[in-house]
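Asker: One letter stands for each residue in the lines below.
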Amino acid sequence: MKRLTILIFGLLLSVSVAFAQEIRITGTVTSAEDGLPLPGVSVVQKGTTLGTITDINGNYSLTVPQTARTLVFSFVGMKTVEVPIEGRTTIDVVMEQDVLGLDEVFVVAYGIQRREAKTGSVGVVGGDKLQDVPETSIDKMLAGKIAGLVVSASTGQPGSNTQIRIRGNSSIFAGNDPLYVIDGIPVMTGDQTYFTNTGNALSNLNPNDIESISVLKDAAAASIYGSRAANGVILITTKSGKAGASKTSFRASTGFDYLANDNGYGTMPYDDYITYIRDAVYNAGLDPDDPSNARYYFPESLRDSSYTDWLDELTRTGHIYNAELSFEGGTDKTTHYFSGGYEKHEGAFYGVDFEKFAFRSNIDHQLNNKLKMGTRINASHTYSNDVAMQSLYYVNPIFAGMLLSPFTPIYNDDGTYNLNIGYWANTNPLATAEHDEQWEKQNRFLGNIYLEWSILDGLTAKTTNSYEYTGGEGRRYWSDKAEYSGVATLQVSTTKYQLLTTSNTLTYENSFGAHNMQLIGGQEASRYFSNSYYIYSPKVDPNIPFPPTASSKDDQTDYGESSYTLLSFFGLAYYNFDSKYYLQASVRSDGSSRFGKDTRWGTFWSVGASWNIHREAFMENLDFINQMKLRASYGLSGNFNIGNYEQYGLYGTVQYNGAVGFAPSQPANPDLGWETNREYNVGLDFAVFDKFTGSFEVYKRYTEDMLLNYPLSRTSGFSSIRMNIGELANTGWEFLLNWNAVNTRDLRFDLGFNIAHNSSEILDLGKDEQFISTSNARILHKVGEHLYSFYLYDYAGVNPANGEALWWTEDPDTGGRGELTNSYAQARRFIAGSPEPKFTGGINPSLTWKGIMLDVNLEFKTGHQVLIEENRYLNSDGNFWLRNVANTALDYWKEPGDITRNPKPIADNSTSSYGYYNTRWMFDGDYLRVKNVTLSYNLPKNLVSSMKLQNMRIYGSAVNLYTFHDVDYFDPERGVDGTGFGIYPLTKKFMFGVELSF
Amino acid sequence: MKAKFSIKILAGIMILGMLASCSEDFLEEFPRLSQSDQLTLSTYVGLEKATAGAYSNLCHTNWYGAGLVITADLKGGNAKRGSVSSGRYIPEYFWINNPDQTSNLWTTAYNTIARANNVINAIDAGFSETGVAQEDLNVLKGENLFLRALAHFDMARMYCQPYSAGRDNLGVPVVLVTENAYPERNTVGEVYDQVVDDLLDAIDLLPGTNPRGSDGAWATSWAAKALLAKVYLYMENWQGAADLADEVITGDPFVEFALFEEADYTTWDNGGYWGDDPSVYGAGGDEIIFQVDGSEGNSSHGYWLAISYMVDPYGYGDIATSNDLLNLYEAGDVRADLFLEPPEYPGEFWTLKYPGRLGKEPKREYNVPVLRLAEMYLIRAEAALNGASGYNPLDDYNAIRTKRGLAAAATVSLTDIYAERRRELCFEGNELFDLARTQRDLVRTHYDGVENQNVPFIEGGSALDNYLWAMPIPQAEIDANVNMEQNPGY
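Going line by line, the protein sequences match chains A and B. Following this note's numbering, the numbering of the first sequence begins with 1 at its first residue and continues without gaps. Following this note's numbering, the numbering of the second sequence begins with 1 at its first residue and continues without gaps.
Hint data in this document are derived by calculation from the structure and do not stem from the laboratory. What you are looking at is a predicted structure, and each value in this text was computed from that prediction instead of being measured. Glycine residues also receive a C-beta, built at the ideal position from the N, C-alpha and C atoms. Errors might be hidden in some of the hints.
If we take Cβ atoms under 8 Å as the criterion, some of the chain A residues that face chain B in the derived model are [what the hints assert, rightly or not]:
(1) Val492
(2) Ser493
(3) Lys496
(4) Ser563
(5) Asp598
(6) Gly649
(7) Asp908
Using C-beta positions, here's what the derived DEER-type ranges look like [as the list claims (entries may be wrong)]:
(8) Asp441/B <-> Asn802/A: 29 to 39 Å
(9) Arg295/A <-> Ala409/B: 37 to 47 Å
(10) Phe30/B <-> Tyr469/A: 22 to 32 Å
(11) Tyr469/A <-> Glu184/B: 15 to 25 Å
(12) Ser391/A <-> Glu184/B: 52 to 62 Å
(13) Leu33/B <-> Ser391/A: 18 to 28 Å
(14) Lys597/A <-> Arg440/B: 33 to 43 Å
(15) Glu24/B <-> Thr375/A: 26 to 36 Å
(16) Phe30/B <-> Gly471/A: 17 to 27 Å
(17) Asp414/A <-> Asp441/B: 45 to 55 Å
(18) Glu262/B <-> Pro409/A: 43 to 53 Å
(19) Phe30/B <-> Asp578/A: 50 to 60 Å
(20) Val487/A <-> Leu33/B: 30 to 40 Å
(21) Lys597/A <-> Glu184/B: 52 to 62 Å
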């Protein structure tokens, strides 16, 4: 490693600075369509950052060294033009519209690339496709937009995290989240809160500040990010200013959100509930009209009494507000983009809201014709309030709302909250939502400064140094007013996360005749540190609910911290011959503090090639083919997304009876090393008939030396150890088609469609054939099966003769279904399904007519199952007695011969009809979601000009407008593992907004 | 010149960036809040703290912090499902445990054994440190032997057929060196033999009072003797049990344990401490020989799952009291006052043995007596009735009765002792195991389930005949250990 460092170091020092003579080139750029001048066109000396922008009249003036050979003219939506200088000082250019986007450039690892030049698999989303979607972070907006990128919602809470998977799950225990790189710097992701579920590190980023998102999917595109590339890489580029007149934009929008429920799921209608519980009492051999037994006394007269609809009382229509201001502009020396925004998002449940202030300052400055520097700075403050959800808490409104009895009043006669709810741990979720506090305030900063030095023609050095920080303050307060015991309890936290990164590259680009090449060498280092302080103060004074009012003998405190470092050296080479044949190779060596001394360095590499068939002479007569490109790649990448320090055998601190002791906290594994991904990718890109563009690709990726949490015999004192064991394969294909159906002056219609198939298979698990997930007992990992398999007891429905639940036993000979039994204990447990969708994708039509634009985004997943195990409480056939039941329990057995879904209810049911882990709670998870519809109108130019504005736009947008599905729950999504309990379902949102620029 | 100046700055920044990060030291990150196992086990301070750490599992919800105690009393018929319920412990109440829903004492006990073994083996490997006396090391070793014995014994009670049903039934693996291995199950006889060996060594090594503190929560030679008396009782070594119980009762010459007074029974629910003055060990008026501390600050504390919250009708309240137990108390018995009948739930009773220690609300602090003097009297009496010589069982029986507000009895039988154990030791984790070791049937008249109201223990039956009396080994162990054999019947 040191040798490579010295090499780069030496290169830097050996470069002497030569000042060449310069020439000044001027000219005008016009549009081929109407002959009018084009302002804002980028004019750059090829292979350098030296450039300028055309003014309002399409004129430019650029001073370049005499050695400069080519100028590159580019503009969004136009075909890029390269013009040889050939000694001229005046160069005028006519640019043509690029309907198919073949000249589109996009951000790739450590640079940008034209669509035509790519060898790896990259998906791109423009910032304009994200700006109107009212979500709190951009990860939520990617659903259905990129083939092979699957967004799994495990919660609909504003500010919460999202699970994104690119080409399936590559790992059982190491993280499966992609690497996020913002403006060239890998950033922290994940939940960083102490008490709430709202710590999504990406919510720092204002979606309107995003210029583009590139998703690097295969090894050729991603493996240059080495250790962290196994799950793909998402590159986010924020907006930078453009030289020319300053532009100020103001956007404001407002809207509302409420619980999505397109399947009519909910509690049982009150009258049906009375019948149901009376039947359950009869079925238990008791009399519901016998007042002497209060637990089972449910007379007919209850039908006429008033009751409480808890779910209705706990949900609301939340309001959303957004306002932001941005300024962009600049001179040919300095450009800027500033923005500030405010957002407030009330949740669909009482007690849930999210508030954010975010600021951005992006500045680029050309120091002289050799040096350019700039900053990308993002600061934000978020304040999120929530109630305990994502598990079956008594205060969880989605769980409590379904189970609290309609006979239980919310308020006492004197108007105070009813806190005497014996069957519900005396918890009134409306009281807790009002009086309890659970919030997190976070201050975030992500800033980098870069310096770029054009050392020689084609040779550029760049250093980017960033600091990322999250500081959080959390509070959880159980108010005396919502506690049956009348005791107030406080917990508070302070957290800090920081990541320092330096990224340094040296790029050399040159052409020799038809040979074009680019070489990049680089080095990166990161240091991460986080810590947290926590105070638990029981019995605080409700009038001064802060730690000092709790007795010091009751106070408890805690402290935690964690750190890691990462050091990398890498090289990247691109070569093409005549824009026909492309070759690409990369290598990266990463050292991580998370692994053993002898195993901490991993080397990852990739090779890729592509062939622009349409540029061959033999294709010249096939006019209908605009582009035809064949790509292939192979490479290795790594995964180090495990906890810190796992290689060490450790004793941690424990407390007992006032003494501080040590206890083993983890077993040593000094050989712990990288999990490796090996991926093959073959793709075909095409553009035909001037109307269709698309691509098809197939891939296979193997995960080797998986970082498994390998179960141990408990006699070892531990339940598992982290080891490199086993192998997994993901195989799939992706198809993408965009159809520019109509393209006239006034009307344009585009239809985008993408679909992806991914199938995982476990190939090896060490000495075992299978094991049950150590984190989720419903999930089995078995060789020859999908990565995630639902391992469930086989529910066989209801015995029509007596209304009992029936189960299938295992046939001892075949291992398949044996006989029917009414004993849950005898039921066979088998692989009943998988939460991994077979097909995922999106359909994205877009219509523009004059100033009106309609964008629709449909998203689908199919071929998988979800497990709604909380229905065992809501369809417990009488076990969770005194609580409410779901309307799906209505179809229950009443008399011999009935064919029903649910067994007969029995008051205080002591059978196992509602058992854990069984197929009664499993559903096909297929869905088609109208994810987003946006209708916008750009007011006519003359009208806008009369108002002294550049542009004015009004729009309306809907999120999760409708979902077609067949799951017994509010929403069919359950996260990657298809389970999850008490989740905050996705909500519907409607927004109306206006955007002005002047 | 300006350009050159900038270039120098640029080169400087780049070089600094690289120099700062290119050494191998940069990749050495060690957790500052933990320490390596080698370091811990190579200093006296480390061994001393590792020993303190070995105790901390005792209050885990799988063990004395809830699970073991509740399981023994629910399955034994002392407790029943409350009308206040969070839905926990239903399989225990209905005797329908299976390998997926069984006691996880297994994990906690082996974790404790690992903690103990590491210290015992480090000392046995010849550990020495300047300024550390052999006596200090003996104490540490004795404490760990005591904990290892208790862990093995409690697992044998939970997962195995009783010793009285035969030494050759499946025991649990006896683990004396903790390593990443796949041991088979030893026999019940081998497990008990090891427990006896460890306790005999612990009695020799441990002092009469533990230097860590005198609240009974740290092991002493008295605790080891009392535990061995109980183990001998389970092994039907009547003379051994009686002799050791006698040693503890006599307490000569170092300690003087004494039975609770009647007055104690009215102060526990106020004073909030089950037992008496926790600061003085065995110095008159103290009945506790060994107890488990349930302070909320303990690392293994179960919070809402702690026993004191589970038996609190204003907490989770799942564990109420069976009328079968309540009906055993005669008029005047002060122990009958240790049950709460909340006005909200007339006719239903919850034990007050875990009243929320030191008055803390919610009631999540507790202390669980593991060994106390009353049980020593009951052991000596039962052993004498079974033929141990030198002791008068009626005296022991009456010693308890007269301290509990009752008149002395004229006769005593084994049936009386069994009933007295229930009255005295209910909700302390004994009844199920007492039924099993004496091979009596479970008979419940106050039960709201359908099946398993009464569960016979077939005397002389096979492990399969009586399979319900041994909890299944957790499935996770079966899955992880190829050599692990499940109990018959599951």
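Asker: Each hint needs a verdict: does it hold in this structure or not?
Answerer: Hints, verified against the model:
no.: 1; hint: Val492; verdict: violated (17 Å)
no.: 2; hint: Ser493; verdict: violated (16 Å)
no.: 3; hint: Lys496; verdict: violated (15 Å)
no.: 4; hint: Ser563; verdict: holds (5 Å)
no.: 5; hint: Asp598; verdict: violated (12 Å)
no.: 6; hint: Gly649; verdict: holds (4 Å)
no.: 7; hint: Asp908; verdict: holds (7 Å)
no.: 8; hint: Asp441/B <-> Asn802/A: 29 to 39 Å; verdict: holds (30 Å)
no.: 9; hint: Arg295/A <-> Ala409/B: 37 to 47 Å; verdict: holds (40 Å)
no.: 10; hint: Phe30/B <-> Tyr469/A: 22 to 32 Å; verdict: holds (23 Å)
no.: 11; hint: Tyr469/A <-> Glu184/B: 15 to 25 Å; verdict: violated (54 Å)
no.: 12; hint: Ser391/A <-> Glu184/B: 52 to 62 Å; verdict: violated (38 Å)
no.: 13; hint: Leu33/B <-> Ser391/A: 18 to 28 Å; verdict: holds (27 Å)
no.: 14; hint: Lys597/A <-> Arg440/B: 33 to 43 Å; verdict: violated (60 Å)
no.: 15; hint: Glu24/B <-> Thr375/A: 26 to 36 Å; verdict: holds (32 Å)
no.: 16; hint: Phe30/B <-> Gly471/A: 17 to 27 Å; verdict: holds (25 Å)
no.: 17; hint: Asp414/A <-> Asp441/B: 45 to 55 Å; verdict: holds (53 Å)
no.: 18; hint: Glu262/B <-> Pro409/A: 43 to 53 Å; verdict: holds (45 Å)
no.: 19; hint: Phe30/B <-> Asp578/A: 50 to 60 Å; verdict: holds (54 Å)
no.: 20; hint: Val487/A <-> Leu33/B: 30 to 40 Å; verdict: holds (31 Å)
no.: 21; hint: Lys597/A <-> Glu184/B: 52 to 62 Å; verdict: violated (36 Å)
Violated hints, in rising order: 1, 2, 3, 5, 11, 12, 14, 21; the structure is consistent with all others.
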